[in-house]
Amino acid sequence: MIATILAAIMLPQVPDSTQVLGPATIYGESQRQELMHLTLGSVEVGQQYIENHFSGTLMQSLSTIPGVQASAIGSGQSKPAIRGLGFNRIAVVVDGIKHEGQQWGDDHGLEIDQFAIDRIEVVKGPAALMYGSDAIGGVLGIYTNYLPIKPLEGRVHLFGRSNNASAGISTRLQGRKDKLYWRLHLTGTDYADYRVPTDEIEYYSYRIPLKDRNLRNTAGREADASLALGYVGEDFRNDFKISETWSRSGFFANAHGLEVRLSEIDYDASRRDIDLPWQSVSHLTVHNHSHYHGHGFTLDGDLAWQWNHRQERSEPVSHGYMPTPPDDLERVFRKHTLTGKLGGKVDFSPRHQLQTGLDAEFQHNRRGGWGFILPDFETLSGGVFAIDRYSFSPALHVNAGIRYDHVFTAIHGYSDWFTTPDEEGIPRYKVRSGDIRRHFDSVTWSAGIVWSPGRWVLKANVGKGFRVPIAKELGADGVNYHIFRYEKGEPTLDPESSYQVDMGINWLGDRLTLRLDPYWNWFPNYIYLSPGSSYYEGLQLYTYTQAQVMRAGFEAQAVWTISAHWELEARGEYLYARQMSGAKKGYTLPFCPPWRAGAGIQYAFLEDGFAKIDIRIAGAQREIVPPEKPTDGWYTLNLSAGKSFRVGPVLLKTGLQVENLLNRRYYDHTSYYRLINVPEPGINASLMLGLEF
Amino acid sequence: MTKHILHTLILAGLALACTTPMEKDMTPPEILPVGDVASPLNCDVFTPGGVLPFHYLFTDDVALGAFNLEVHSNADHHTHGTEAGECEFEHAHEGLTEKPWVFNKDFAIPAGSTQYEADIQIPIPENIAHGEYHFMIRLTDAAGWQQLRSVGILIDEEE
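In the order they appear, the protein sequences are chains A and B.
Residue numbers for the first sequence, in my numbering: 1 to 693.
Residue numbers for the second sequence, in my numbering: 694 to 852.
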């Protein structure tokens, strides 16, 4: 508990936080404090939650939170989405620094070690004030900056999963001596092809038989390491961290992207090997955070460098006018991101606080390989913001903030390495991206109120978020072999903006808590990749356009503590999305999640032991947009149980999870492989053994 | 209380939006063989220097878009689904010294059509590699739905 509080104090605070979480004095008080700290809808989970909901990927572990979706992209990876918005429409922020990989990619996962995480805060709504561009749909705030309290402490976790025969180990060692501390994390995972409850996959009337129900070549490996060194003084603290995340995983062998493919490779020889096509990613972060606490004010400074290196290799195959490439290096991306942040908070009085910040970011992205999808680019962006917070009483807070951003993007031209005959039949190296230079300005704002009369906590927030078009949206002009379509960027796109009204209605009773988070959202110019009716170079032409989009929905949750042992929980979420203008007027947005609901009953025993049975239900999704398919509804039954045992100075932790207990075959509408009819994984038991000291 | 009213209003608005009739095309177009004269069919054999007649019927419930015909070598035995790849050519051989035939052409369909019979004579070049080819038919409707059909054909001298 103390550790959590210390960690919370350490953090660069989230946008509208008015107070740091304190220890609970009465039941429900900590919940009330947590709810009151933001006027936007947010959910905070700790390490315990991640352990109890341990799943194949971090996002799958979080997907039981109403409003959070994990879009599976095959193998051991999934992409985050908040209220149906993902990719570059949410910001993943690690210890205050926006995580920058190639998050635009349909099958690119998160390069984050899920075992190194201490705390996660999901902000559901536009949080541009603190993070600028991309935080348009929300923020996945990940914190790994736990402050050790003992001279030496640590934990070792062993885990295994039945479905993809995965095994892993994660070790954390850390210690503190006077004012100095250190943390070390090491994680390694190895997994085999995952198993689906079907003997064959049918795609465009072509049948792909699966050996032993294994999804061919979805095996992978991951290795992560991080080291942090810190100083914690009376009024000054510094945390320096180096972390590296590395993974290699196969793509489903019978579909390269979404094109069905046969190969001479004997994929069925081993379930654990990684054959072509595969991807590997290395993400290195060096981050320094400094904090100074003065009389009535605080100062925070961050400097970070991220180096993301991604490779996608596949068997060289000629296509159209492209001859057989010389090697298997289809795509490589090398991206450097430098981030600098400076923030200050002034307490004018215990009731009145002003927070200001200044941040700058430089991105440098270079491509390679024979497959073109994203041009080289550099982006320089800077923002400045101020947030004012005022408490009329302990039960009534208001806040308002404003931010200005300027972003400069320089995109480099690219021409094919092979020739294509033009209309006269003369072979030409076709230009796939022009030289584009764009400046973007954006003013965003947010205002909110939280009022807590009696057992109620009522919140309202209105805010604007924005997102600068990415290089692919501006400059793409070529075949996306992933999805096998021709994508054409639009160099004149405006920054996407979004206006959102959020509300939170919470009732905190002694035994019953109720939570309802409705929202209404308007995009005047949502950037949408619209499938057209024409062809270009033999492929359907998709063009980036901007359309008005209206979205609305809610999340609801009820927790009823029946007795000291029994707890009942029910949750649900619904999202409605409509394109209000443009070529797809009347249609929804791509990968729109259907309604979801869940209910669980938990039995608690002997202090920290628990056993839980949970049902997850999703409705059918008939609201689709080309090239999607309607998806039937589904339900799964899931079990989880855990218990800790104290053995002398050591705490032994055990956890068991069984997902999809009935081994039901179902399709998740938001999964990447949904388009080629790959069902979700079948029954999956995860076992975790932990040792803490 | 105000919030409850607001919330009710939002839900009412949603319900209204949901029931507003929208004329949306929600299904892909269809590629249908035209009776006995459909061409090419799976496993058909064509000769270099000859003609490949294309004859199929396209339909859509709202409006058709455009179509594309493409021929490429299947020397690496990849597959695009539908029928291609399931056809075994007994005497298939590949003229490795010659260039494979690449044909790729987009065709328009008169706007607003719900039915279109495509009848196209595709000339086959003389000096192309013999062997297995894929004949791809791609069809869109005006809304952007796409239908694919892939046919395995053999380019070879007449026996």
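Warning: the hint list may mix true and false statements.
Said to hold, decoys possible - Simulated restraints, written as ranges between beta carbons of each label pair:
id : chain 1 : residue 1 : chain 2 : residue 2 : range
1  : B       : 819       : A       : 422       : 42 to 50 Å
2  : B       : 737       : A       : 207       : 19 to 27 Å
3  : A       : 410       : B       : 720       : 37 to 45 Å
4  : A       : 404       : B       : 813       : 39 to 47 Å
5  : B       : 720       : A       : 419       : 15 to 23 Å
6  : A       : 580       : B       : 726       : 36 to 44 Å
7  : A       : 439       : B       : 726       : 50 to 58 Å
8  : B       : 726       : A       : 273       : 40 to 48 Å
9  : B       : 737       : A       : 158       : 52 to 60 Å
10 : A       : 619       : B       : 812       : 39 to 47 Å
No lab work stands behind these hints: they were computed from the structure.
Virtual Cβ for every residue (Gly too), placed ideally from N, Cα, C.
Status of the hints after comparison with the structure:
1. B:819 with A:422: 42 to 50 Å: Once the Cβ atoms are compared, 23 Å apart, the range 42 to 50 Å for residue 422 (chain A) and residue 819 (chain B) is violated.
2. B:737 with A:207: 19 to 27 Å: Holds, since residue 737 (chain B) and residue 207 (chain A) (Cβ atoms, about 22 Å apart) stay within the stated range.
3. A:410 with B:720: 37 to 45 Å: holds (43 Å)
4. A:404 with B:813: 39 to 47 Å: Cβ of residue 404 (chain A) to Cβ of residue 813 (chain B): about 58 Å, so the range 39 to 47 Å is violated.
5. B:720 with A:419: 15 to 23 Å: violated (39 Å)
6. A:580 with B:726: 36 to 44 Å: This hint holds: roughly 40 Å between Cβ atoms.
7. A:439 with B:726: 50 to 58 Å: holds (55 Å)
8. B:726 with A:273: 40 to 48 Å: The hinted range 40 to 48 Å holds for residue 726 (chain B) and residue 273 (chain A), with Cβ atoms some 42 Å apart.
9. B:737 with A:158: 52 to 60 Å: holds (59 Å)
10. A:619 with B:812: 39 to 47 Å: holds (45 Å)
When each numbered hint is compared with the structure, violations occur for hints 1, 4 and 5.
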